[in-house]
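Trainee: Assembling the complex is the task here: the two chains are given apart, and the hints tell you how they should meet.
Okay, here's what each chain looks like letter by letter:
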Amino acid sequence: MKYSARIGFFVVFLAISQLGLQGQPVVASEPLAIKLTVAKATKDVSGKVSWLPGEQAKPGDTIRYTATYSNQSDRSLRAIKAQVPIPEGAVCLSPSADPVPTEASFDGKTFLPWTQVQEQILQAEKTSEPLEIRIVRWLVPEIKARQTVELSVSALLTTQQP
Amino acid sequence: MKSQTNSTAHLRVLSGLLLGLAALAGTINAFAAAPLAGTAIGNQASATYTDDSGATRTATSNTVITIVQQVASFDLIDPRTRSVAPGGTVYFPHTLINLGNGTDSFDLSAALTTGSLTNIFIYADADNNGIPDNFVNIATTGNVAAGASFNFVVAATMPGNVVAPHTSTVTVTATSDFSQTGAGAPVQTDTNLDTAVVTADAVLVVTKSISVGSGPPGTTPVTYTLTYTNSGNNTATNFTITDAIPVGMTYIANSARWSVTGAGTVLSDSAVVATQGTAPNTIDYSITGSTITALIGQVIAGQSGSLTFQVGVNLGIAPQTLINTANHTYDPDGPGVTPPTSPTPTNPVPFVVTQVAIVAADDPLSGAVPNADDLVEITTAIQGATVTFVNRVVNLGNGPDTFDMTFVGNTFPAGTTFQFFKSDGFTPLVDTNSNSIPDTGVLQPGGPAALNSTYLVVVKAFLPTNATTGDNGGAGFTVTKRATSGFNPSVSDTVVDRLGEITGKTVDLTNTTARTDSTPAGTAAAGNAATTGFGFESGDSLAAATVTNNTNPGTTTTFVLYVNNTSATADTYQLAADADGNFGTLNMHTNWAVVFRNDVGGSPGAIITGTGTLNAGTNMKVYAEVTVPPFTTPGIRDIYFRALSPTSNAYDIKRDAVSVNTVRDIGLVSNNAGQVFPGGSVVYAHLLTNNGNVMEANGSPSVITFTLAESLAAQGWNSVVFWDKNGNGSLDAADPAVTVLDAALATWDGLAPNETQRFFVKCFAPLQADALTVNITTITATTSGGAINSVAVPPVVFNKDTTTVVKGDLTLLKEQAIDANSNGVLGDAGDGTFTTLNLTAKPGESIVYRITVTNSGNTDANAIVIYDTTPANTTYNDAGADSQASVNSVTTVVAVPTKPADNATGAFQFNVGNLTPGASAIIRFGVTIDGL
Numbered sequence: 001m002k003y004s005a006r007i008g009f010f011v012v013f014l015a016i017s018q019l020g021l022q023g024q025p026v027v028a029s030e031p032l033a034i035k036l037t038v039a040k041a042t043k044d045v046s047g048k049v050s051w052l053p054g055e056q057a058k059p060g061d062t063i064r065y066t067a068t069y070s071n072q073s074d075r076s077l078r079a080i081k082a083q084v085p086i087p088e089g090a091v092c093l094s095p096s097a098d099p100v101p102t103e104a105s106f107d108g109k110t111f112l113p114w115t116q117v118q119e120q121i122l123q124a125e126k127t128s129e130p131l132e133i134r135i136v137r138w139l140v141p142e143i144k145a146r147q148t149v150e151l152s153v154s155a156l157l158t159t160q161q162p
Numbered sequence: 001m002k003s004q005t006n007s008t009a010h011l012r013v014l015s016g017l018l019l020g021l022a023a024l025a026g027t028i029n030a031f032a033a034a035p036l037a038g039t040a041i042g043n044q045a046s047a048t049y050t051d052d053s054g055a056t057r058t059a060t061s062n063t064v065i066t067i068v069q070q071v072a073s074f075d076l077i078d079p080r081t082r083s084v085a086p087g088g089t090v091y092f093p094h095t096l097i098n099l100g101n102g103t104d105s106f107d108l109s110a111a112l113t114t115g116s117l118t119n120i121f122i123y124a125d126a127d128n129n130g131i132p133d134n135f136v137n138i139a140t141t142g143n144v145a146a147g148a149s150f151n152f153v154v155a156a157t158m159p160g161n162v163v164a165p166h167t168s169t170v171t172v173t174a175t176s177d178f179s180q181t182g183a184g185a186p187v188q189t190d191t192n193l194d195t196a197v198v199t200a201d202a203v204l205v206v207t208k209s210i211s212v213g214s215g216p217p218g219t220t221p222v223t224y225t226l227t228y229t230n231s232g233n234n235t236a237t238n239f240t241i242t243d244a245i246p247v248g249m250t251y252i253a254n255s256a257r258w259s260v261t262g263a264g265t266v267l268s269d270s271a272v273v274a275t276q277g278t279a280p281n282t283i284d285y286s287i288t289g290s291t292i293t294a295l296i297g298q299v300i301a302g303q304s305g306s307l308t309f310q311v312g313v314n315l316g317i318a319p320q321t322l323i324n325t326a327n328h329t330y331d332p333d334g335p336g337v338t339p340p341t342s343p344t345p346t347n348p349v350p351f352v353v354t355q356v357a358i359v360a361a362d363d364p365l366s367g368a369v370p371n372a373d374d375l376v377e378i379t380t381a382i383q384g385a386t387v388t389f390v391n392r393v394v395n396l397g398n399g400p401d402t403f404d405m406t407f408v409g410n411t412f413p414a415g416t417t418f419q420f421f422k423s424d425g426f427t428p429l430v431d432t433n434s435n436s437i438p439d440t441g442v443l444q445p446g447g448p449a450a451l452n453s454t455y456l457v458v459v460k461a462f463l464p465t466n467a468t469t470g471d472n473g474g475a476g477f478t479v480t481k482r483a484t485s486g487f488n489p490s491v492s493d494t495v496v497d498r499l500g501e502i503t504g505k506t507v508d509l510t511n512t513t514a515r516t517d518s519t520p521a522g523t524a525a526a527g528n529a530a531t532t533g534f535g536f537e538s539g540d541s542l543a544a545a546t547v548t549n550n551t552n553p554g555t556t557t558t559f560v561l562y563v564n565n566t567s568a569t570a571d572t573y574q575l576a577a578d579a580d581g582n583f584g585t586l587n588m589h590t591n592w593a594v595v596f597r598n599d600v601g602g603s604p605g606a607i608i609t610g611t612g613t614l615n616a617g618t619n620m621k622v623y624a625e626v627t628v629p630p631f632t633t634p635g636i637r638d639i640y641f642r643a644l645s646p647t648s649n650a651y652d653i654k655r656d657a658v659s660v661n662t663v664r665d666i667g668l669v670s671n672n673a674g675q676v677f678p679g680g681s682v683v684y685a686h687l688l689t690n691n692g693n694v695m696e697a698n699g700s701p702s703v704i705t706f707t708l709a710e711s712l713a714a715q716g717w718n719s720v721v722f723w724d725k726n727g728n729g730s731l732d733a734a735d736p737a738v739t740v741l742d743a744a745l746a747t748w749d750g751l752a753p754n755e756t757q758r759f760f761v762k763c764f765a766p767l768q769a770d771a772l773t774v775n776i777t778t779i780t781a782t783t784s785g786g787a788i789n790s791v792a793v794p795p796v797v798f799n800k801d802t803t804t805v806v807k808g809d810l811t812l813l814k815e816q817a818i819d820a821n822s823n824g825v826l827g828d829a830g831d832g833t834f835t836t837l838n839l840t841a842k843p844g845e846s847i848v849y850r851i852t853v854t855n856s857g858n859t860d861a862n863a864i865v866i867y868d869t870t871p872a873n874t875t876y877n878d879a880g881a882d883s884q885a886s887v888n889s890v891t892t893v894v895a896v897p898t899k900p901a902d903n904a905t906g907a908f909q910f911n912v913g914n915l916t917p918g919a920s921a922i923i924r925f926g927v928t929i930d931g932l
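Those protein sequences? They're chains A and B, same order as listed.
Numbered per the numbering used here, the first sequence spans residues 1 to 162.
Numbered per the numbering used here, the second sequence spans residues 1 to 932.
No lab work stands behind these hints: they were computed from the structure.
Note that this is a predicted model, so its numbers are computed, not measured.
It is possible that some hints are incorrect.
Cross-link-like lysine-lysine pairs, in silico, DSS-like; alpha carbons within 30 Å at most [said to hold, decoys possible]:
(1) A:Lys81 / B:Lys460
(2) B:Lys814 / A:Lys144
(3) B:Lys460 / A:Lys109
(4) B:Lys814 / B:Lys899
(5) B:Lys460 / A:Lys35
(6) A:Lys109 / A:Lys35
(7) B:Lys800 / B:Lys814
If we strip away everything but chain B, and leave its shape as in the complex, we get (with noise of 0.2 Å):
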């Protein structure tokens, strides 16, 4: 055997594989112990690592299992040798253990050898005291489970005309019927040889019994009875039984009767004590150490008798069989020539010694107690984390066992799973009882302090990331696992995990620095601090801005804030901003826009809508651009940031502001030209704008003054300015002549942000005015009142209209028309009509201008030509027959010999000719407004 463990070791080192290959040829054994047919060998692989977050995981693989299949051994105990009387039965007891993996079944056959011998049987001993239960004569064993015996007597008769010395033998013989399947191949045979002696002299048959069989520590009495029957023809004298009682047997004092002197004898145990029972049936008996001994004086031919004592099996001994036998010899010719005869066996005993189960799964710091309520507790544990307990399990009992794990149930928020691994913490625990559960594997008996009784279990709970934080109203959470014997399922012992708290994960949104605690660090301080707004806490970093950021309207303004991972796993975060703070449904301030950028080297890079993984420690720098839209009025609006994980939940919330300046801007478009004869009179539209973000012209304190100013006012040019009350783009009688805007004008209520009002300066050329003579007149809006805000007044505005004296007298009427659909032809759907109103229109849609010429004087008007332009942020539009540049006159000297190119900006000049008194021409030309 030692040079195969050798060999062995070698081949786990040195030869490896090849000599693993050899192995197909059936030469090299491995040693453990082989497993029960029907067992599985179950395998998986198992894995940690670190993802990209930096966050340590966890993986395994499938199983495989492999599972044994059953093989066939046994052992058929032992070669008899037996004397026997002419005439006489001679019983050869045997016991055939089965050493296969599984249960088999034996074929029994007994056959004379030599000699003479007749009626040869075989006959069952179930209570294996080496006397037949019955005369059935057997051939077979019956199922044998594997480990287990089978007890069984041959018997055979010696003639009675056989004269000593005579020596018969008997071959017995037994062959699993398991080997005889294909299956179990090599058929398998063992074999025992008796013997039976025949003698003229005293023959004493010794059998042993005993009273219970079997049972579990601490069974007591345990009664031995040793039988004896003198079969032969002659007197025994000195006959002497010894008996070893057996380690893990204790002997109970005085225990000891014989049949001779009754049952109320007491056989004294010491061996000084004189001789029992009346000559010549005496007895002396003794106990020394575990080893009684027994000397009767004689045993006629034909008399029979019997001895018993007790013993008790001892308290925590393994399962296992104890065999007893004992051994006698006698002088078999009295006082005769013939010597006493060698020590002879009984037939052995057995008692078999159960198992029994008791286990304690328990906290390893405890004391190893069964059915004690064992608390493992874990303090506190975050969001998304494995939670690793350690449970002992230890062995109690008085044999190897191996336990189940199940969990029982457990209190942990919804979404937790929990896994079960060896000791190493790493490898799962994996079935190898064929279950299908997981197990400790064999754990030997012996308590805590035995070798290999102790397994210490880890169990991993995976809480989900949105774990429910708390401590579950104080109780906890908890876990409860069971440690199931696989011997007797019957019994069990739970232990309890407790956590004690599960916390939430933290992030910390702040603002132009991260932390000082994060990576990369800043120089923000940790904490619930107001100047990073740590956590959303009314009345702490909220009750006011942390960051106000100045911005005129329609103005971009930007916020850098961090996004700093206070945790100790990796998270990610989505970014949002709300103007009222309740993140409940997010809203802003009207027409303002939010967006987020990530950092590209120092600037806002893309548009982002989160952060990403952002690992344990570590912050993201993000830049916040809020958009404020033109015209807002004054103030500080607060805007609030918020940073939060979609899985933890766990969330920040930063307030800032942003505070919009007062702008005052006024604009007054456009400066005009026109022609007059003497006397006559000229009208200009001006257009007075509030570009700022405050009310102007309403008296509070902003007023607003006309002015005007001719430049050949000593010849008696004259003007006047008319507001267009009635918005008709036309001077009519229901416009009053305004020269001071403020609330004492009737209806008038002020130039709000954004909003425009027309007003007409009509020129007044004097009677005695010479052709082509020029006259400027200067319009000025001056704004009064003060400040706003502390914003001074806006600046002078003013336009110039020049008019020229002609002996005709043209006037020129110039209307606009939406060409919606840009195809240069009006009348689509979505077009408009021509007016000489204030349209609005989209980028990309054209218009239509239609300018008439009439010569309203009383002489013919000659070689007249019309300038335009294209307006700023408009390209003409060459598509269609209404926006073409084109002139429609009474005369034939027309042409449009400049204009821009199509889609192209520049100026236009029509020829239009001449105009009779009262004919006009019309001119037009279309423009598309830039696209976005």
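Chain A with its partners taken away, still in its complex shape (with noise of 0.2 Å):
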């Protein structure tokens, strides 16, 4: 009889710097900064959520990715698309997207419309093949000098068993 087993993972989140990691440069000098943080949804005694970051969760947590875009120079950016993607192993919450995304995409190619991505989703769960989105993009017509914008989406830890 397989022992049938829905939790148990235990993550740990790390954030560390890009630098040293192979094949990622870093110009110090972008006008464009870009600081990404992930925090764990818990809850007290009172049932009252809060978001911290850096702390251990469990499989079917809800982890939230923060994505802080800051225009460093001295004139304004434009045309900005901002993207975080959902990495394997965590299913993106779509409500959760802050502010609500201009579109996504499904494998990380091609991107649809936020709605269309939505309604392909609730199809999709008609199959044996849920669609999941990969990665979260907004369109952000300007950030002027100085300024940034926050954008956040949440996802869910996977916990299936291999």
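Mentor: Structure, rendered in structure tokens:
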């Protein structure tokens, strides 16, 4: 008999600098700086939800990626395509995206309008192969000089056994 | 499972965050393959955007990583039922599969649940043939890798006094060791219940084994052996074995052998061939489809035998475990009344098909051939551009694999950086297999035609803005990447990206108007036309000046330039001017000055040294102001203007010129006044200055002639012109009388531009002149000799000297001295002494004038009043004793009733009073030269 285990994965979040990662050059003078953080949703005894960065979490927990886009230059930047991938091992929680994204990609190559993405996910529910969002993208018309824009999206950690 | 999938889909779209939080309670699963313990889930945000210059740029964030920890899970298979004779030993084969995501070990135990079995032991069965490898009782599996199996046999003895019918059961228990640690909780346990049935008839124990337990696709032959023993007390008849060969294996024809007929007898595969062997030990063997069937006539008590056959592992199949289990039936009491047994499975025998890594990294348009020298080419790119190559990585192996992407080397210009991106071209390629190397993610096997077996990796080369241009000697610029199998790092393939040529940025400096293809558009033709001077090419646009401005010395002339950025990317340009056009060391004609100004509403604005950022295809209007110093000799001087990008080194040089006009201008100063006794003389000084820019009075062709005219010539007044040849400021014997200034005059070498020479007019009064008679002497300088550079002779200039006849005879000597620090007191460092010579002083410095009034007559001179004024471009300096207006006379009647205020201009009146013959009075006042 196969032992049925639904939970049991524990994960640790660790934010590291991209410095030192092979193939990830850093351009220090870029006008647009991006900071990505991850936090885990937790509830206290009263049921109040809070987001705690850098803590352990179990599969099935909700984690939230927050990307802060900062214009470090003295001039406006325009037509920003800001995107946050949803890595393997996590499932995008579409309604959590804030603000509402412009588009998303299932295959990491082609992008569809956000509303169309939602429709396709619901349609795929009727099949055996659910669709998974791999990249969420926001089209930000402009970030003025020295201003920042914060974008976030949540995801659910996967739990299925291999 | 279906319902869970649905709820997850709703979660993703509808319930979102709230349900996600509900997941804290562990009620919702997300369905994707869970990664192995220690797997790092990396994530990196990115963006593309347009900067102020209109250029598209890419930015990436830091990487956040989530590390997956271990969880325990396993499966224990399966409960077994076996027959056993009284006093016999029964064997229950089992397999434990580690379904967790990390290596684990498992505690094993077996205990009698019901019945009479004794001597219950657990033995390892590494070869999985259903027979103990040895008789060492074990209580643990030892370490079992994630996804791996551990085989073991539970053995037990049925006491000899047990009589059929009888049934005993044994509970086999396995417990995960990891789950018994704090991190692995809760504790996970699984059990199987084995059953032993006592019989007085035949008991056939059938086990199965395999010659090799694993191998890659194509492994052949693989021999299966079915071994049987009748451990019962009766003869078994119609012993039938059926064995379905697993999908992924192919039966090898005529490979079957039976121990009874020997290795030399090939068992016929055909169902229609007669029974083989010698009665009663016969066998009827056949294969139908992929299932073999062997009917053995009888097996007497205590008899053993074996049946073997061979298969081959199919090519191209995925890594997997092919499990083969045979089934058998027999009649346990021969012709007796006991019915044949139900089909009973043997121990399952696995064959592990191992994974083979094969990868092709290549051009997406090529044939996906491993180890081929694939080349992706882009013809040309501009300095500072981002060159994008698309490489294809194809998994040609037989299992899912992840391929690390690394840069092997490159011949691009120094400063070029490279980065991998995902197929969308914007998202950075990240590491998904925890080795800090970006990779493709998992690719499924199957080659180019298979689903999800191909990944397009985007490679971007960021060229420096000052990248060396050209084609690298024809070789172009290459970067080599390697795709390395994560499953087998010894397997890799490379692909080369080649950029044929790097072209330089360009800029076009045009006169008067911008290019027609620039924004805002002008009317200058594009290209290397002389009218626009595009490019610095000897013998082309620079053979002659494009624009020549005419101007006079001492003036400023302006060239209107347009800097046209003709590149496809933004750039900035520094502006410079050079006299010789080589711009090695910037130099300019002596005392010439050039400044650049921006354009403010169609007029020159602030001084600039560069354009700032010019977007691709745009231009900027610039004014180049060239100041020509005074007295510059006539002629054409080239001026080269250059716009140079300090980053890309793109530049353009424009050749223009300034034509300095010929200016002819003679000045003569000044008018004088004096007194003279009848029969006496008075000397007046005059300065002749060449204010033009060509030589005058040198006889080639210019000649200057002095003429004198006396208003009272009829009464005997007369004057003579002398040249202050020795330059001492006073008329003496060395100074010759002159009339004509040309080459004939001894030691006279002409009057050069900006040169001044002093001349004296000595006026003689006739003896009979009456007192208070006034004579006016007019000295005229007339230039002749014709035009120079088509410019006619300068106008005639003249001065008038007014001489009054007096009874007395006063002489006035005016001298000057420098008061360098303007404190009104002479004698400080830098101050000078009184002299009648010309002095040189700077703006802001002061001059003290001293006028000596002497009665050179033989009678008293009374009520003497001296008038003077502050000279042009000066103001009265009332600072100190030497410069304050004063009169020092022998009489007491001295006063300065009129003088300007300090630092103001105006007239002075000095009441000298009376002077006896031979007496003198000293008058002083100081002025300050106007500052800058």
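Trainee: Taking the hints in turn, state whether each one holds.
Mentor: Hint check results:
| no. | hint | in the structure |
| --- | --- | --- |
| 1 | A:Lys81 / B:Lys460 | 18 Å, holds |
| 2 | B:Lys814 / A:Lys144 | 73 Å, violated |
| 3 | B:Lys460 / A:Lys109 | 16 Å, holds |
| 4 | B:Lys814 / B:Lys899 | 18 Å, holds |
| 5 | B:Lys460 / A:Lys35 | 22 Å, holds |
| 6 | A:Lys109 / A:Lys35 | 23 Å, holds |
| 7 | B:Lys800 / B:Lys814 | 19 Å, holds |
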